[in-house]
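2 protein chains.
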Amino acid sequence: MTLSKKPYKGCRDFFPKEMRERNYLFEAMKTTAESFAYEPFDGPMVEEVELYKAKSGEELINEQIYEFTDRGNRHVAIRPEMTPTVARMVAQIAKQASKPIRWYSIPNLMRYEKPQRGRLREHWQFNVDIFGAPENLGEIEVLSVVSQLLESFGATKEMFGIQLNDRKIVDYIFNEIIAVDSEISYRLYKIIDKSKKVDRQALEKMTSEVLTEKSKQDAFYEYLELDSFEKVTNYLKGHNYPRISEFEAFVSKLSNSQASEFVEYDPAIVRGLDYYTGVVFEVFDKHPDNKRAIAGGGAYANLLQIFNEPALPGIGFGMGDVTLKDFLISHDLMPKMDHAINDVFLTYLTGDGEAMAMSMAKQLRMKGLKVETHLGVMKFKKLFKTAEGKGHRNVALIGEDEVKNNTITVKNMVERKQETFDAQDIESITNFLKQG
Amino acid sequence: MTLSKKPYKGCRDFFPKEMRERNYLFEAMKTTAESFAYEPFDGPMVEEVELYKAKSGEELINEQIYEFTDRGNRHVAIRPEMTPTVARMVAQIAKQASKPIRWYSIPNLMRYEKPQRGRLREHWQFNVDIFGAPENLGEIEVLSVVSQLLESFGATKEMFGIQLNDRKIVDYIFNEIIAVDSEISYRLYKIIDKSKKVDRQALEKMTSEVLTEKSKQDAFYEYLELDSFEKVTNYLKGHNYPRISEFEAFVSKLSNSQASEFVEYDPAIVRGLDYYTGVVFEVFDKHPDNKRAIAGGGAYANLLQIFNEPALPGIGFGMGDVTLKDFLISHDLMPKMDHAINDVFLTYLTGDGEAMAMSMAKQLRMKGLKVETHLGVMKFKKLFKTAEGKGHRNVALIGEDEVKNNTITVKNMVERKQETFDAQDIESITNFLKQG
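Chains Y and X supply the protein sequences, listed in that same order. So the first sequence is residues 1 to 436, counted in the working numbering. So the second sequence is residues 1 to 436, counted in the working numbering.
Since the hints were made in silico from the structure, they are not lab data. Take the hints with a grain of salt, since some may be wrong.
Identical copies carry no separate label here, and so any pair may be met within one copy or between two of them.
Taking lysine to any residue and the SDA-like style, the derived pairs with C-alpha atoms no more than 25 Å apart in a straight line are [stated by the list, open to error]:
no.: 1; residue 1: K157; residue 2: E225
no.: 2; residue 1: K362; residue 2: E27
no.: 3; residue 1: K362; residue 2: T409
no.: 4; residue 1: K214; residue 2: V410
no.: 5; residue 1: K53; residue 2: R71
no.: 6; residue 1: K205; residue 2: S152
no.: 7; residue 1: K17; residue 2: T407
no.: 8; residue 1: K9; residue 2: K95
no.: 9; residue 1: K367; residue 2: L433
no.: 10; residue 1: K30; residue 2: H339
no.: 11; residue 1: K253; residue 2: K362
Construct the entire structure; sequences and hints are all you get.
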């Protein structure tokens, strides 16, 4: 039987080039999160299904989760998202930990999706969460993390934006202004989630199925026109929104923050029927070829209650590696990483040089250098071509003369300079190679 | 309903302290592998079960694998080991890639184990493999990687050793000297695998069940006494081992290598019934409290054949994060990582300072500093205690005077020095903080 060489459907093989690219993204995530003093964490790849049933959306549980029964009859799932795990872990330490708790992780997640651009069955997701922060400031910090990350890749406000809404506002408008019950409100949320993907006619058709009165339909459409902080603030003031001063304080603090230039108010962002209870947002790519959200998140007040713990408000976001990479490629922000970057290709031209080469390699590695040893006697005429083909800038060689004199010859192929060193003089050899 | 806060059985939650420890191990693995010019790779968390059936041991498949059928009726498994994935990926590029191919990865793996010291259901494993290397030199390089990694943590030859054998030798002794057929040989391999865990009486009992002739039993025990390179070499010479010159060349090259001081010959290492075909080895802890192998590996000649590709010999090893950490703790080599290391705790003592603090935080982060902003107005009398509790060395504060004068006061709590800077002078503030 011949086995397939392909990876499982919707999953990726990361060959060294792809892995360097992935590491480049992850390093930026790590550096950005830690620049805000977020601490790393991780949980298991598998959790009991109950955890997801308690908090994840229905579509995810019914259609997308990888679930199975283990050999001990436990009903488990491969993690499809990280937030339930974060909540479970925070619940363990919520009482004694000093607040706010700032955490990040970059887990791999699996969802049973139909593979397509931007969607795969396995992806990695940068998760950033803050728990127990004062209202508004936690939201703003998390928005600052996501914008700083994209800026660190060289992205500008011409390339991406952050669309933001507040579910407390949406709930007030639905419940008090349009005056519908919670079931209708639920259905209006669903319409909003779809509203960007459909034309006006389809929107009106969906709306008329949920709202029969013309006045309520008009109120709903009026809401969908509130596409700036100024418009929504004026509207809320005109409709006696009781939390208007908190919202104005948020907008004012946001305008002082580093995220300010990227954020706009968008009534069509509600983030489905997830666990969000306050601010919700999506980071979007302004490039016409790459229309998916790059990241999404929001505030959730009640995640710890399923563990019988007192409420501890949290705000977080998730950013997928696939959508991020698509974004960076669209805007030509992804560096070329075809070759590894090593310091020296170390070779010997005679069998007598082998022991010397091994000893030299160890000493250079201890100095922090990346040393590729050619295994076996190297033919001189192939040396430079081989080294160049592998992306080396320096070649070190131990030939007959070098063995006799206990020396080593080092050549920088880029600057075309060459020097022979005493083999004991590791310091000078290291300096020569580091300059290269 | 109240959900459990505990992780799934046999899996770990990595809180920030544990995650810093994990990252410390992974950074050392990455640095060591790259110092030998090994390149990173990764594959999917899930593979089709057929891949493991073709190559993994029976026990793993029948008792330990996490397998299930996906929604599209594919029979899949969470990866229990990385070697089949490496082989699958190398098979894709074997023809065109320049040799040797040097790869490493640090995947999480799952096995359905009974959790106990050193064994968990989910663990991470450092995998290092070289394909297409000249015989002996590939083996020696891989042994050098594993010994250099442990040395990089401060481990010495008093703390660990590498027990090595060669299955070609074992096969020769079984087939030609003891002269048994392949079924008996298979059963002797199983006895050897257990021989270190049982006493002499139990060993003789197991052996007598497999070998009925006294002379064959004695030959088997004689083999088990060959506990040095010198003894096994002399024995093989006396028994006309046809590959004796290759073996002597290997021992000689090994003695020149950086791994030399750690490696000993051990007839009781055969690495079960895995895919190994040549040299096999285990890294063992010399501390009496920690008896499990830290790492194991060997040479395998035929892994690509299941993909209908020409043979490409490989040598590799795997090292688990659990056993490595146990080793480092046993020898007091694990540094304390209770706190994150941040550069500054940035605070404002009046609401007017908030916008200034946000702007300052952004600028310092852009300079590469790790800045924890206190969210909300800080009470001066709590400032230093809070900062110390979080492990900060520097505090920056913006009080009334600082707002008025557009300055910021920075205090290094360790060296007890304090300075007030112009808020525009990011360069000087950065220098002050980096010195601290």
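Hints, one by one, checked against the model:
no.: 1; hint: K157 with E225; verdict: within (23 Å within a copy, 73 Å between copies)
no.: 2; hint: K362 with E27; verdict: between (28 Å within a copy, 19 Å between copies)
no.: 3; hint: K362 with T409; verdict: within (17 Å within a copy, 48 Å between copies)
no.: 4; hint: K214 with V410; verdict: neither (83 Å within a copy, 62 Å between copies)
no.: 5; hint: K53 with R71; verdict: both (21 Å within a copy, 18 Å between copies)
no.: 6; hint: K205 with S152; verdict: neither (43 Å within a copy, 67 Å between copies)
no.: 7; hint: K17 with T407; verdict: neither (35 Å within a copy, 47 Å between copies)
no.: 8; hint: K9 with K95; verdict: between (43 Å within a copy, 24 Å between copies)
no.: 9; hint: K367 with L433; verdict: within (11 Å within a copy, 28 Å between copies)
no.: 10; hint: K30 with H339; verdict: both (23 Å within a copy, 17 Å between copies)
no.: 11; hint: K253 with K362; verdict: between (55 Å within a copy, 15 Å between copies)
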